[in-house]
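Those letters in the sequence shown? Residues 142 to 611, by the working numbering.
Think of the hints as simulated: they come from the structure by calculation, not from any bench. As the structure is a computational prediction, the values presented were derived from the model and not from experiment. Any given hint could be a false lead.
To be verified - Derived DEER-like restraints, expressed as beta-carbon distance ranges:
id: 1; residue 1: Thr400; residue 2: Ala152; range: 44 to 52 Å
id: 2; residue 1: Val487; residue 2: Val156; range: 35 to 43 Å
id: 3; residue 1: Ala510; residue 2: Arg545; range: 38 to 46 Å
id: 4; residue 1: Ala510; residue 2: Ala167; range: 23 to 31 Å
id: 5; residue 1: Met373; residue 2: Ala145; range: 27 to 35 Å
id: 6; residue 1: Thr495; residue 2: Gln353; range: 25 to 33 Å
id: 7; residue 1: Trp237; residue 2: Ile594; range: 15 to 23 Å
id: 8; residue 1: Thr495; residue 2: Ala215; range: 41 to 49 Å
id: 9; residue 1: Thr495; residue 2: Gly247; range: 20 to 28 Å
id: 10; residue 1: Gly348; residue 2: Thr495; range: 36 to 44 Å
id: 11; residue 1: Leu506; residue 2: Leu541; range: 30 to 38 Å
id: 12; residue 1: Arg545; residue 2: Gly164; range: 48 to 56 Å
Ideal Cβ positions, reconstructed from N, Cα and C, are used throughout, including at glycine.
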Amino acid sequence: MLDATWTLILAISLVVYLWLLIGIGALASRRASDSAEEFLLAGRTLPMPMAVVTLLATWFGAGVMLTVTDEVAASGLQAATMDPIGVGLCLFVAGWCLARPLWNMGILTVCDFYARRFNVATEKLAAVILVPSYFGWIAVQFLALARLLELFFGLDLAWGVFVTMVAGTGYTMLGGLRAVVWTDIFQLGLVLVGVVWLAAMTFAEVGWEQTQVAVSQAAVVGPDWLEVVLLMDLLVVGCLGNLPAQDLVQRFLCVRSATAASRACYWAGGGYLLFGLFPIFMGVVAAQVLPESQTQVVIGIATKLMSGPVMVVFILAVVSAVLSTIDGAILAPASVLAQNLVPASVRERYGTVTVNRCAVLFVALCSMATAFSGSSAYELLEEAYSLMLVGLLVPLLGGLWLPRRPPSAAIASMLVGTAVWFPHLFLVDSDWLAEPWLGPLGLYFPLNITATICSALAFLLVGKDQRPTF
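Modelling step: build the complete structure from the supplied sequences, incorporating the hints.
As structure tokens, then:
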């Protein structure tokens, strides 16, 4: 742990760093005319490398760097199935089947697709499903950074969540996506340097032989077929659950061409899988470095192996990782809220950018409330992915690949998938569909896959085919 002098230096560094981010947001706000395309997509003028950076920065946050690493330390490599493996693969799938057609449609949000392909009612229902699905994901980031502030400064967790919310929301409200991208560039640089540096120090501490032993132990999966099915369920959540995500779509819509959009997803997916290996490695060997504790692994290893200025730089890297996820994750549902749920007359009266900034604040406050809900961080992360998977994935892919399906099919798909999935929120340990009733009968249906299949059946069976609309 840092001594008093270095703790003070860290506090000063964090304050300076946050003011720098706010300054970048203020500078970006000078480019923000009263245009939704400028505020939400940076005018569709970003080069592909910047899209790759912002995709990586958005994905590489508290989920993989802190939360999932703890899960790997506790239960082995199977805990990395959803994130980073599934989430990394999601970027490749997006580049393959989504980036080109959605970019060519010229939409602002993913819910615009539902309006264009189906109708306004489908757009509104998709927005109602999508917006709250982000609250848990953002809450994960709030909690992760708040625990860091509690560890180093003794700040109460509730106040830590509030401070994190204010910090992540401020510059996002000012400059929109352009501010997010500009801050992501040097945030990601700090993150990758810090993660690679700590992983190298960890490997030097553990050694090759102990690393081999730790990997062989962590890779063991129980012979129970139910465990394998649950792992497949998690892989589907990670790989497909993010495809309808606004933050993903927003980042490949902001580039200059459909080809650049697709390539940005491929490069970001490869980078995420590569750099995701470093924190996972630290989770695998955590027992060798921290035999006394398997929680807050990354911070614990850093505290043990680093000191003084090196530790200050690493903590700034962790803060960067979390903030780079927070800003994009808040802007995404706020975009949908402002563009697809708020009436056009309100945007015309008060201005598009003003309405979007108010939406950013609203999403941040709702996410802060979610952080106080008492659920574990990993559960919140999983719920965020699952709701988009079961409610929005099928009408998105079906709308692209089956152009004759009517709006009633899309609405039925959303409602059925969500209705099948939603009751599990009120059940304890409900990884399986209706486990308290079906489990004693020996019937085990993985919740997310089953709900998605039900959604697909509704999309295929409800309504009569019509002439293509686009």
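>> Is 41 to 49 Å respected by the C-beta to C-beta distance linking Thr495 and Ala215?
In response: 46 Å, holds
> Lying within 44 to 52 Å: is that true of the beta-carbon distance Thr400 to Ala152?
Replying inline: 46 Å, holds
>> For the hint 30 to 38 Å, verify it against the beta carbon of Leu506 and that of Leu541.
In response: Since Leu506 and Leu541 have Cβ atoms about 34 Å apart, the given range 30 to 38 Å holds.
> Regarding Gly348 and Thr495, is the given constraint of 36 to 44 Å on their beta-carbon distance met?
Replying inline: Cβ of Gly348 to Cβ of Thr495: about 57 Å, so the range 36 to 44 Å is violated.
>> Given a hint of 20 to 28 Å, does the C-beta separation of Thr495 and Gly247 actually sit inside it?
In response: 24 Å, holds
> Measuring from beta carbon to beta carbon, are Arg545 and Gly164 in 48 to 56 Å?
Replying inline: 52 Å, holds
> Is 23 to 31 Å a correct range for the gap between the Cβ atoms of Ala510 and Ala167?
Replying inline: 28 Å, holds
> Okay, Thr495 versus Gln353 on CB: inside 25 to 33 Å?
Replying inline: This hint is violated: roughly 58 Å between Cβ atoms.
> Per the hint of 35 to 43 Å, is the separation of the Cβ atoms of Val487 and Val156 within bounds?
Replying inline: 36 Å, holds
>> Looking only at beta-carbon atoms, does the pair Met373, Ala145 fall within the given range of 27 to 35 Å?
In response: 50 Å, violated
>> A range of 38 to 46 Å was offered for this pair. Does it hold for the Cβ distance of Ala510 and Arg545?
In response: 42 Å, holds
> Does the hinted range 15 to 23 Å hold for Trp237 and Ile594 at CB?
Replying inline: Holds - the Cβ-Cβ distance for Trp237 and Ile594, about 22 Å, lies within 15 to 23 Å.
The structure shown violates the earlier hints numbered 5, 6 and 10.
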